[in-house]
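K.L.:
Use these hints to put chain B onto chain A, whose structure you have.
Spelled out from the first residue to the last, the chains are:
There are 2 protein chains.
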Amino acid sequence: MTKDSESKESKNSKPGITIKKDDNFSEWYNQVILEQGAQLCDLRYGVQGFVVYRPWGYKLIKKLYDLLEEALENDNHEPFLFPVVIPEENLKKEEEHAGFTPEVFWVTEAGNQKIEKKLALRPTGETQLYPMYSLWIRSHKDLPFKKYQSRIMCYRNDMATRPFIRGREFCFFESHDVFQSHQDALSQIKTDMHIMDDVVWKKLFVPFTFFQRPKWDKFLGANDTYASDTLLPDGKRLQISSTHDLGQNFAKVFNVTFIDEDSKTKYGYQTCFGPGIIRIIAGIIAIHGDDKGLILPSSITPVEAVIVPIFFTDKKEENKKIDAYCKELQKKVSKAVYDDALDETPGFKYNKWELKGVPLRLEIGPKEVQEKTVTIARRADRKKITVKQAELSHAIQEQLKENDLAIQKKAEEYFKNNTKETKEFSDLKKMLAKHKGFIKVPWCSTEMDGKDCAEKLKAETQGATVCGEPYNQKEKASGKCIICQKTAKHLVYIAKTY
Amino acid sequence: MTKDSESKESKNSKPGITIKKDDNFSEWYNQVILEQGAQLCDLRYGVQGFVVYRPWGYKLIKKLYDLLEEALENDNHEPFLFPVVIPEENLKKEEEHAGFTPEVFWVTEAGNQKIEKKLALRPTGETQLYPMYSLWIRSHKDLPFKKYQSRIMCYRNDMATRPFIRGREFCFFESHDVFQSHQDALSQIKTDMHIMDDVVWKKLFVPFTFFQRPKWDKFLGANDTYASDTLLPDGKRLQISSTHDLGQNFAKVFNVTFIDEDSKTKYGYQTCFGPGIIRIIAGIIAIHGDDKGLILPSSITPVEAVIVPIFFTDKKEENKKIDAYCKELQKKVSKAVYDDALDETPGFKYNKWELKGVPLRLEIGPKEVQEKTVTIARRADRKKITVKQAELSHAIQEQLKENDLAIQKKAEEYFKNNTKETKEFSDLKKMLAKHKGFIKVPWCSTEMDGKDCAEKLKAETQGATVCGEPYNQKEKASGKCIICQKTAKHLVYIAKTY
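Protein chains in written order, with the working numbering: chain A, 46 to 543; chain B, 46 to 543.
No copy labels: a pair is met if it fits in one copy or bridges any two.
When the alpha-carbon atoms are kept at most 35 Å apart in a straight line, the in silico DSBU-like pairs for lysine-lysine are as follows:
| # | residue 1 | residue 2 |
| --- | --- | --- |
| 1 | Lys501 | Lys479 |
| 2 | Lys248 | Lys104 |
| 3 | Lys186 | Lys429 |
| 4 | Lys104 | Lys297 |
| 5 | Lys380 | Lys446 |
| 6 | Lys394 | Lys311 |
| 7 | Lys394 | Lys446 |
| 8 | Lys394 | Lys297 |
| 9 | Lys65 | Lys108 |
| 10 | Lys412 | Lys397 |
| 11 | Lys108 | Lys428 |
| 12 | Lys376 | Lys429 |
| 13 | Lys137 | Lys159 |
| 14 | Lys235 | Lys247 |
| 15 | Lys137 | Lys162 |
| 16 | Lys380 | Lys247 |
| 17 | Lys521 | Lys496 |
Treat the hints as calculated values from the structure; they're not laboratory data.
Bound conformation, chain A alone (with noise of 0.2 Å):
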């Protein structure tokens, strides 16, 4: 996929897609999520990997948010909102965890004024979060404590954005949660993978696989690292979540203590949860768009249907007509659009739509004013059905039910057979030459010392890493290790990776 530009189009260049997603995925991408296609963002706005989020856009992002919002709410989470900015000190503290400061970007002036103490754009929210936390937690009853941020943003000087992949701002979402026990915490893991299951699976038919990275793949402060990754369409992996176990490694260094009921003073264990909101998005855009445009499922569309009516320029009565009856129809169904533009034809307009994703299109002519019916098309699998106007409501239900049926088909046929499987490093090179997905191989170790050959394994492959294991599914490993030849204790998954 190439660096984010969008070219200085004229004003007036016509909306279309002009190249196959099989053909060329990467540009197709880009094409599909800018000013000629869903005009998702925008990459003009002078500051690299610092995008603008469009209406349509910007509705998927807010959608997704409220999804989740309403998954954690469920899950007795509370909403909260901290600062953008973090104090040096408190990164500083957290640095030999974390290690993002590299990466950090700094205010360090007010007005024409150097800043007594300069402060970080929030890389993540750890560091800011844990030193209130150790204020709030007093004793065992406040426990589990469970609070999430919404809708905010983090901030990482990060070299190769694209759009919806990597940016060096980019729209955050995360779960920080504080527990009595190590056992309550792992089963709050389990939790968050459920969440991410019900809603970016059940909901919004993004495949994925949860994997426990290796050690030397997990987030710097956690013991542990489970993270789910989905596949674009060119084969390279995109983690799409994670969840951390940290253990108390945060809680000691940030004193996030409680009285537990014995009257003693713990160190609480803590988890953090992060669904990548952009990078969900982009699965939704890669995996389920088509050479027509964006295919988006009922839970996450800003316009369930659009209406068309087909007018004829010599036949004003019968548009007429039409236009009452489209009116009509726009009234029984809530999230519908008519689109009653008169300059431009329904051809243009059934486009324009399917670009943007709609899932339904409403098509209404003379014979559908006649008989009292509705042509409707689904935007998935392109079928078409007429139903009588009284059963509209109903059908619109059915037909988005069955539009969600086609896409979720389409992307569990997409992701099986995902993963090939070899034991030979020449094997696996030639393979991930061509095969788009997993390739499983044994591996001496996850733990760091098998650090070493992950890193021969990316330098020789340009870029493939090591998803890790299966989570709830590691299987027994035999041989020897694909890279150093030592007995393999695990079977890992390899892939190219964004």
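P.N.:
Chain B only, in chain A's frame:
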């Protein structure tokens, strides 16, 4: 009101307000919002003017955002999201208009490196939005162009920070519209005022007056500024919204043009509207609250009713029945919390939830269980009523309305007769020391030639300012300017100001 500082309380400080609102409003306000009060925010984050919003406070903010988003979307605004940083050149291009640069925070470093072009933390949106508007708006068909940003933060290096009143980081909401004609723009300004009336007065019962600001107090880049002021109980006015008639000023600087129906390229007419998120919350806290704590309208409260069981330590069987009855009730009331803690007395619970401003309390003792009734206590006017269990859902809705009516009535009472009148400066000075509200006086000019008088007023009254003339209620002036004794052209309102 004192500056923001939260004492380092011990972890075991008791909740509760120890100061009466009428005795010391400033101290009462701090107590209500901080640790010993409703815990809306926390000032111990370590960076002055950067506040942590705790769950109860953030839920209020979130709900206010929801109400405003809904109102703006009903008025055909679409959401978008811009980066938090603004390139220096954008800000400089517009310096003559906005004049924010002395207050701007600058990002100058990334990691250990200076960045090439320093970036401002957004002080307000104009200079970041309009260069993109210039790219997006092409034709009269794109107008009106109505967008908003919500749940974003703005930054100004303000020295006098007070929670919910002034912050260096503050919750922001802004709509920015472009129109074909000045007439359309003026009509939008009226709509913005209606939105303030619908949301802030009719739903939240925060009273205010709309003023047309004198020219020396308008937004620098605007032709005119229309702003609403409420009054806090210490008698100072607090601006809680502003709408600017930007004319074509910014359009000319940032080249926001469109091709009109006559095929000529023209500059758009712009308006922007900014309700003050945290300040509207400050109005709710300060105006509705009483010596027991917050009082929340039903449209913003996170919890509509709390169910408090009246347990007796020696009656285990009876307590079980009460507990079962309460659980049954909770199922019937969707936004109710059942406070079943065993180690707190009913009185303690009453105080706790009154502090948080929850509209209704459902008291359940042996009598209620036996008679299958519920005793409902209203927070705002402290009245009680007992209803049959079967009528509970309906009764809750009724009692929420009654509670709202009590809040509204009190706010009306509070805001009426807030304006006195005088023609003598000596008299005005005496009134400013006592009168909690506006004072109407004859004034030479609300154009720039009246500025000297405004400065003299401010200097000789410890900070009283000219609010302007009430929008749509301008009265004919007579006599002489209260300061310079020239012929008075206006009757303006004077008040002490936050």
